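Q: Here's the letter readout for the chains.
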Amino acid sequence: MNIRSLAAALAASVTLSFGAAQATDLEVTHWWTSGGEAAAVAELAKAFNATGNKWVDGAIAGSGGTARPIMVSRITGGDPMGATQFNHGRQAEELVQSGLMQNLDEVAAKGKWKEIIRPASLLASCTIDGHIYCAPVNIHSWQWLWLSNDAFKKAGVDVPKNWDEFVKAAPALEKAGIIPLAVGGQPWQAAGAFDVLMVAIAGKDTFHKVFKDKDAKVAAGPEIAKVFKAADDARRMSKGSNVQDWNQATNLVITGKAGGQIMGDWAQGEFAVAGKVAGKDYTCLPGLGVNPIISTGGDAFYFPKLKDADKSKAQAALAETLLAPATQVAFNLKKGSLPVRGDVDLAAANDCMKKGLDILAKGNVIESTDQLLSADSQKQKEDLFSQFFADPSITPEAAQKKFAEIISKAD
Amino acid sequence: MTDYQVARRPNTLFRNLNSKIASIPMIVTAMVVFLGGTVWTVFYSFTNSKLLPRTTFVGFDQYERLWASERWIVSIQNLAIFGVFALIFSFVIGFVLAAFMDQKIRLENVFRTIFLYPFALSFIVTGLVWQWLLNPDFGVQHVVRSLGWVGFTFNPLYTQSIVIYGILIAALWQGTGLVMVLMLAGLRGIDEDIWKASRVDGIPMVKTYLLIIIPMMRPVFITTLVIVASGIVKVYDLVVAQTSGGPGIASEVPAKYVYDYMFQAQNLGQGFAASTMMLITISIIIIPWAYLEFGGKKRG
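These protein sequence lines map, in sequence, to chains A and B. Sequential numbering of the first sequence, starting at -3, is according to this note's numbering. Sequential numbering of the second sequence, starting at 23, is according to this note's numbering.
Check the hints yourself; a few may be wrong.
Claimed, not checked - Derived PhoX-like pairs (lysine-lysine); straight-line CA-CA distance at most 25 Å:
1. A:225 x A:358
2. A:213 x A:200
3. A:208 x A:398
4. A:358 x A:205
5. A:405 x B:72
6. A:225 x A:398
7. A:208 x B:72
8. B:72 x A:210
9. A:301 x B:72
10. A:222 x A:208
11. B:72 x A:398
It is worth saying that the hints were derived from the structure and are not from the lab. Keep in mind that this is a model prediction, so the values were computed, not measured.
Full structure from sequences and hints, please.
A: Right, here's the structure in full:
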């Protein structure tokens, strides 16, 4: 090996890294990897690059459950990225408490976040001990029932307008060889579907009493018993959906092999990619058509503390960019989610998104379970409901007892 | 005088000095990483550490919660069923295949490659392949039904009571080839004269295998046992790829419990308690065996 050429190569690499350092590089990690998601992230990158900095994309494939452990261990292990996605809520709580995250108070004051972000609970989730630590970027809600119009036509029944009609239509669907309700095998799907049923059937107050106040008596009471009965119906209707991933379950609905699916508004992206039109090919019922309330979880960006002053400046610039009206519109249209500020115009939104915006404007919102429960309690809930949906021998009463136990120990 | 004595009976510490120096890095690694990590884990399993380790002690709370958890009990049962059957079947099938290979058959190389090939695939790939093969809508059940047996049902991955056997099938498909190769190497190490002697004495072939060859292959069996058993205890990726623990919690395994609670549930204390229980289980098996094997008198 020629030593001189090696030295030249080394020198070149040094100058290269100098060149790049002038426009500050910021590595941003996230788990948005599906087609629509990647397109949405590209909008964020474009907006950030326009500020004279450079977005270094750190996408981690395999959804939040895989990505979050990697992100957390990078931050705690002393190799923090410039910014990282988490869901609103308590996933990064401990990282903030141990002082690993950048305080965003100044940026927030400058951008008047307190006035523009709606609902206010989004910013509250980013606030710990009176300081703001994250920038919310979108709102995703869980409370949707997606129905395949084709499947109901084939079964010879009208497309249901609410959950009860859907349950009544189930036998007709089954007769036509269609699975009434698609539920994938991933544990969070069963747990999420139960939460949706709870809001629709037991209402907002009960939901808050159980998940916010952690009232085990309510969780063991008659209101929640009704929810478990509905979950029992859902369990019966979901028999035969032999799929794992949520998008495979959505695909059953898209192809008319299943009647419907309880899933968050991210499912809309799948319908869009398949070229389906809301209202014509599929129907969406917010709040299962019973109780149009949506939860306002979603994604937010956190900024780990960095030693480099230039990078800290770039972090502030990124936080500002994320909340800028133009970025909010461009990003959320591609993502299929709702913007976090009420003062932007989403004329290009489709039917279902408009329904969501409408509910948001009316203020019929609740916090998501990610915001209310710790990851530990969420996991226990997932274990319970994935087992409940898979094993018909568990009675709703027995499951409710276990549920109340989890709530009594929840934090 | 003293120098003279030292020269006559050299200090054992300095014998083979070079090799001892060479093994220092590995000794340090073993002490710090393995032993140190183990002690650290056990220590923190008595705390209520959540996302980050912290030293607030809660006694045996984590262990109480662990053993009250239905998912942990199911995990342990699954590991027991999976472990026993995986051991028995991979040994029996592996040995029988190796014995057939040893009959100086034609194309032995080809067969050996075919049988060993699955071992070259990772557990994730194996799991995904078998997830499709065992899927009732695309796999074996679908094929048999489309051949005319309409009532045929073979749906292990979506039936709670037998899902662990679906995973077992994939594990055997992947791992038996390795057992076969190890056994074959053992068989090749048997002196040809033993066979000649047993033939002269008129001992039937099966009996020769069972009573003479297998006892002679003891070291090979022990090596294989260690390799297969360690694979069983840490089974994780296969389950994740095939069923991700489902349906419900029917195919959960202890290693998955540890990972899920440490990282997804952000509850390090609970994960540490579970991994400590795994360690204790293994110690209960390994220590008496190691004592019998390495302690006491050396066998001839």
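Q: For each hint, tell me whether it holds in the structure or not.
A: Evaluated hints:
Of the supplied pair hints, the one linking residue 225 (chain A) and residue 358 (chain A) is violated, its CA atoms being roughly 30 Å apart against a limit of 25 Å. Between residue 213 (chain A) and residue 200 (chain A) the alpha-carbon distance is near 17 Å, which keeps this suggested pair within the 25 Å criterion. Proximity of residue 208 (chain A) to residue 398 (chain A) is assessed by CA-CA distance (about 18 Å); at most 25 Å being required, the pair is judged to hold. Taking the CA atoms of residue 358 (chain A) and residue 205 (chain A), the gap is near 22 Å; set against the 25 Å cutoff, the hint holds.
A hinted pair counts as satisfied when its Cα atoms are at most 25 Å apart, and residue 405 (chain A) with residue 72 (chain B) qualifies at roughly 15 Å. A distance of roughly 15 Å separates the Cα atoms of residue 225 (chain A) and residue 398 (chain A); the hinted pair therefore holds under the 25 Å criterion. Distance hint between residue 208 (chain A) and residue 72 (chain B) is fulfilled; the C-alpha atoms sit about 20 Å from each other, no more than 25 Å. Proximity of residue 72 (chain B) to residue 210 (chain A) is assessed by CA-CA distance (about 19 Å); at most 25 Å being required, the pair is judged to hold.
A C-alpha spacing of about 21 Å is found between residue 301 (chain A) and residue 72 (chain B), which places the hinted pair at or below 25 Å, so the restraint holds. For the given pair, residue 222 (chain A) sits about 20 Å from residue 208 (chain A) by alpha-carbon distance, which is consistent with the 25 Å threshold. Distance hint between residue 72 (chain B) and residue 398 (chain A) is fulfilled; the C-alpha atoms sit about 23 Å from each other, no more than 25 Å.
Hint 1 from the list above is the single one not met by this structure.
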